[in-house]
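Protein chains in written order, with the working numbering: chain U, 1 to 310; chain Z, 1001 to 1337; chain L, 2001 to 2337; chain V, 3001 to 3288; chain C, 4001 to 4288.
The hints are simulated quantities; they were obtained by calculation from the structure and are not laboratory data. The structure displayed is predicted, hence computed values, not measured ones. In this text, a Cβ means the ideal position worked out from N, Cα and C, and glycines have one as well. Honestly, I wouldn't trust all of these hints.
[To be verified] Label-pair ranges, simulated between beta-carbon atoms:
(1) 3119/V to 2278/L: 38 to 46 angstroms
(2) 4119/C to 3275/V: 20 to 28 angstroms
(3) 3043/V to 1161/Z: 33 to 41 angstroms
(4) 3033/V to 4100/C: 39 to 47 angstroms
(5) 3093/V to 195/U: 38 to 46 angstroms
(6) 4118/C to 3275/V: 20 to 28 angstroms
(7) 3275/V to 4285/C: 28 to 36 angstroms
(8) 1107/Z to 2105/L: 33 to 41 angstroms
Residue strings, one per chain:
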Amino acid sequence: EGQLRIAEQFGIVYLLLNVAQDQKLIEKHGKSEGVDIRVQSVQLSGGPAINEALLSGSIDVAGAGVGPLLTLWDKTRGRQNVRGIASLGNFPYYLTSSNPAVRTIADFSDKDRIALPAVGVSVQSRILQLASARQWGDSQFNRLDRLQVALPHPDATAALIKGGTEINAHFGNPPFQEQGLAGNPAVHVVLSSYDVLGGPASATVLYTTEKFRKENPKTYRAFVAALAEAAEFVTRHPEQAAEIYQRNEGSKVPRDLLLKVIRNPEVQFKIAPQNTLALAEFMHRVGAIKNKPTSVKDYFFDDPHNASGS
Amino acid sequence: MSARPDVVERWSGVNAGQDEARRLRLAGHAGDPAEVADADAVSGTPLKFRVARRAPSRPHLQPRAVGEAVNAVAAAAAAVAEVDAPPHAATHQPRLRVDNVSLDYRVDRRSIRATHQVAFDVMPGERFVLLGASGCGKSSLLKAVGGFLPASEGRILLDGQPISGPGPDRMAVFQEFDQLPPWKTVLDNVAFPLTASRKLDVAGARLHAQDWLARVGLAGFAGAFPHQLSGGMKQRVAIARALAMSPRMLLMDEPFAALDALTRRRMQEELLALWEQERFTLLFVTHSIEEALHVGHRILVLSPHPGRVRAEFNAQGLDGAQRLALGQRIEQLLLET
Amino acid sequence: MSARPDVVERWSGVNAGQDEARRLRLAGHAGDPAEVADADAVSGTPLKFRVARRAPSRPHLQPRAVGEAVNAVAAAAAAVAEVDAPPHAATHQPRLRVDNVSLDYRVDRRSIRATHQVAFDVMPGERFVLLGASGCGKSSLLKAVGGFLPASEGRILLDGQPISGPGPDRMAVFQEFDQLPPWKTVLDNVAFPLTASRKLDVAGARLHAQDWLARVGLAGFAGAFPHQLSGGMKQRVAIARALAMSPRMLLMDEPFAALDALTRRRMQEELLALWEQERFTLLFVTHSIEEALHVGHRILVLSPHPGRVRAEFNAQGLDGAQRLALGQRIEQLLLET
Amino acid sequence: MSLMAPVRRPDRLLDPQPYVPTTAQPVPLWQRLAEASGWRQALLLVLLAGLWEVAARLADNDLLLPPCSAAARALVTDLASGELLMRAGVSLQLLLQGYGLGVVLALGLTALATATRWGRDLLASLTAMFNPLPAIALLPLALLWFGLGARSLVFVLVHAVLWPLALAASAGVSAVPETLRMAGRNYGLTGPRFVAQILLPAALPSILSGLRVAWAFAWRTLIAAELFFGASSGQGGLGWYIFQNRNELMTDHVFAGLALVILIGWLVERLVFSTIERWTVRRWGMQR
Amino acid sequence: MSLMAPVRRPDRLLDPQPYVPTTAQPVPLWQRLAEASGWRQALLLVLLAGLWEVAARLADNDLLLPPCSAAARALVTDLASGELLMRAGVSLQLLLQGYGLGVVLALGLTALATATRWGRDLLASLTAMFNPLPAIALLPLALLWFGLGARSLVFVLVHAVLWPLALAASAGVSAVPETLRMAGRNYGLTGPRFVAQILLPAALPSILSGLRVAWAFAWRTLIAAELFFGASSGQGGLGWYIFQNRNELMTDHVFAGLALVILIGWLVERLVFSTIERWTVRRWGMQR
Ligand SMILES: Nc1ncnc2c1ncn2[C@@H]1O[C@H](COP(=O)(O)OP(=O)(O)OP(=O)(O)O)[C@@H](O)[C@H]1O
Ligand SMILES: Nc1ncnc2c1ncn2[C@@H]1O[C@H](COP(=O)(O)OP(=O)(O)OP(=O)(O)O)[C@@H](O)[C@H]1O
Ligand SMILES: [Mg+2]
Ligand SMILES: [Mg+2]
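Next comes chain U alone, as it looks inside the complex:
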């Protein structure tokens, strides 16, 4: 109680956390709960590193994609019982291509290469598999795997904008996809995660162990409240949010681009998880997770703010 160590990854999808910290929202809500909360945050790279940090007890709250949450939930069920706290908002993931011949995923040929963070296991890859399963049937869900290339977002974006390599498609995330689209007029959207998941969907989530939640109920509550306030803040003051992001991260990303991402009508800042079950069920179907999730409450904590989740 009174200590909160948060691990996040890099990027604008963690904007809510940035705002909550910058505005000292967590400390504020802690006071009203009657605890002095010391917030520490670390930036790590990659879902696995974050999961390991959480499992080793080095951090209390982890921020990562829905994919790592589902994996961790599945593996720790009956043990640490890791579940989600809240969503950090809905962001669309775009599959973009610079090959004019590619309009839908059915147009990919053997000459195309799709860059994404990790072949087969990343969220982007799962979404692409889900789309493939819809297109060609469940048995062919990994039909496009052989075109996939694991490449960090920055390198993939650079390759897409400037050409010169075999990579001509990228399943990215904000703000890389926006940069890609802005950097090269030939780049266009082939697939959006929202199309596949059935509407606006949570991209990144926060999660923790059952133990932490049980032992630190006040801190937990204060944290959730702070997130809710941050979401409200961002929706109301996008410019200020962008400023906070730039200041906090020491980011040199142009303000306009940030604002474009924040103001994107497809982007919504709300802490209730949305449209995650489709992905969860799919992952179970293809055997990536063993436990079958029946509702979002399985892998999110049963909190009021999650009640409306899907």
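Given the coordinates of chain U, assemble chains Z, L, V and C with the ligands onto it according to the supplied hints.
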């Protein structure tokens, strides 16, 4: 074992010892002048630097010298006692006993014998020379006595105790040129064993080392590193290093082989002079019969590979003719096989 | 330059040469028996293994031997021409001319002089000995002639041409024991330069090397690696390696220093026998005056560090008394400074 | 003092002890066994496995550090299914290519460095500058020059192998004793022949240790780099296997993959490097 | 044949040439300059920068490979703003800790390996097994034992430094000539004193090359590991700087960071390793 003594005097005992002693005292530190004269038949020129060498008083050695004096008194007392005792009582305990020692080297899966059942005794204060053909195992024997090479058969006893590894009581001069740590200057090379074996403190060791470097004619090279020296100079540093330690036992493996005649003679004189002072026991390998006769009290002749004892001769107190005869005798033996 | 000849016969010329030749022919390959007798005063025992050594016919050397014969004929023709010409015409062009050479080593920021303006000539087929105190720069001179050390002053000419780096025409035996590549067996060590310099093919080189190993008494160690040899054995391998090449010029730096008297004499005889066959030019460093007189046609005496020329003596065709006198003369010179 | 002069003893003359060299005096088996390091190393291996098991059980966090037994089970399963073998095969093949190329380049660079002063400075600068560069720095270059796939991996591997080996080899070459150099020059060897026949064999102890380090770093780099380049069309190697299982939190399989890396490392050490060492530098007395 | 016997020449006896050792005969300045490797290396550095510029302009892809000039500009900007210096300071501090600890452990392990047969086998097995392990393998252990933050980084750094240095040092120690060992033993040195006063100095050429390799690998590992162990509250080092700029596609800043790594590497080589080498092994004639 067909031992046949070829010199009449067997146990010349105390009287002979006293004669010898008087002779030595007369000759002073320089050893027997007659000896020098006939060993270096070609020239009897007095060696210049002996005079110079005596000058430094070496005050830093005083504490030890006092101890030495006490020892000397004790030794004298023992010697007085000795007069009554049967002579062999005093000489019974050899400093070094090499007892049927065989030395083997492992090569791949076989083993190669370097020496085969070699036996000899070295008495305290004796200068003992090993002679033999190249490759007969002289260096191996020396290394075994130094504690570097285990005997595969037989025992090596030092004062009756089996040797248990190397130690600064048996300083060695090796045959190879690379025996000087290249990262120490010439001076430090000589001083290091003195400090390493805790004989002297650093300052004392350096003073003492400087003195010894002057004695081997390398005073001007104290600051040089070994790789800047010629072969003979390296060997002289090794000699200085060993002599500076004044060990109870000194092992020297062809120490003067790389030296020109003059330097060699100087080194021999230094060695003998130090022996006069310290009466250490010396095990000395050489391939020069002349040198063996000059340096040695006793000479052990080994037969070629693998080395076995061929003969052992007394070489002290011989006159010129006897010496010549012994030299020829040894040469004959070496040629034999 | 106060050159004063100490032997009456100056340019004894062709006649003297012929006398010398007859004398040598009489003595056979063994060199002058008288020479052997007084050099090794103590024993005139015939050396056993010379008889054995002549046995192998060395067929693999035939092609070269034919070429040699042709050369010999040409040489003979030249020699006939020489009879009429003034003697200095034939001897005017030295094989090696060391022309006021100074050698310096760089140490830190200073440079240290090893030899200072040394000048001498070595005629074709001459056996030239360098004598001097330890550290006077003999090895440095040899290395300079070998092309390993640049002269900081003066020139070194080989057949009138400045030397341009090392080469197999000047095979060297170094003073150090670590001159044998440790990754080659003894046999390969001897055979390698023969193939490396493309003198023989691999099979021929091995046969020839085997022959030479037998001559230095190491036939049984052909398969051993250098680290398994004693110091003297290593030096013998180096000697075999150099002699097997029968180079036009041979540089030897105290090659026999690590050998016992008997082995040393054998090696000397091998060297002289090979010289009789091949008439190479020999530059030989030793610190034994006796060896210098035995091996050398001419002897150069260097003064101590840094080495400068002190004297140069003729040493061929001396009778016993002259030889003794020269030896004493040289000794005197060496003691002088 | 004078009384301490040694007493004269009688001469003796012996017929030398007869010695018949017993032709093959093989070292007894037990002694050879006692000296063979294989069983001692195997024992240490088992001991380490035991330590792992204990540490894991104490930590009791099998998603983070599974016990050795779990990893062993996973290892056996995946070995039996052939997956691990296939993946190890893919990795090894790449590894050998990159390693081979790296070794050739390193020795070439070393040869250059021994030949000229400029070469020496070039090697010194290049290693000082490029050796500390992490693989990320190379990623864009590899993408641009070699594209995706094996060639980029080989490029990254060469980077891992080249510098440490070149450093070790050139240090070894600089430490070759002067006398040996002179002997080689004396044979008339120059240029590449001199390097190949004198300097490299004489520097072999250093080169061997460089080869060992380079081998290890090639593995490290490969496993890290396969994430980026390895896995188009399911052909990933061990690195891919480890990465994928890590992503799916199949920690026992991750450790099975790592254990295979360890095993391969140990086998290569025993079968290749130790053997080379025994047959060369040890046999030649250049190393104990 | 016999006519080829050399003709007798007259003897000569000279008063030796007087030689007065000109006390300090300093080597001329231009010669010292010509031999100093500094300017040659600097020239090579400039040349490499030129090559980079050309390659970048040819590739014309400033997001993947910006030209040298752009990186230089970014470098100057960020150096001036103090950011790079701060980050480099953070990294260097960690690096030195890990490096120091690794060196101590490596030398200790080497000493152990020289002392006993078990120690030797232990070192051989440990290096063969752990050296190829990528840092991922250590992450869980580091997390379990040390948590997030500097201590884990130091642990990973030690892993990077320990094995290559131990390998190089023990190879160097095994190659110490027998005679030198005997000389040391003869002084009565045993155990740690023998190792410290004889074996380590004698193995210094190998150890130095091991130190160089270890230094480079420490850098590589640090920059890669900073991503895993992250930056708390903006306190990341150079690795984090590179990662962040890469994420924002500020490729020129990425290369500015890498250039700083290169520069530091080169400076350390010139100021530390070269100097040590010149003052020890070169001066002692153990290395040319
Ligand atoms: N390290 C070794 N490994 C194998 N055999 C060795 C080793 N050292 C010496 N030998 C062998 O042991 C025998 C004796 O060698 P040792 O060095 O003792 O001879 P030595 O009498 O000193 O000869 P020299 O007068 O030539 O120095 C030789 O036959 C040699 O081959
Ligand atoms: N590598 C070197 N660096 C610096 N000085 C050296 C080097 N080698 C030799 N010297 C110096 O040059 C001088 C001559 O050495 P050199 O080896 O030629 O002597 P040498 O006549 O062969 O002596 P020795 O008979 O002892 O072998 C010595 O004073 C020595 O200190
Ligand atoms: Mg010997
Ligand atoms: Mg010399």
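Problem - Hint numbers contradicted by this structure - result: none
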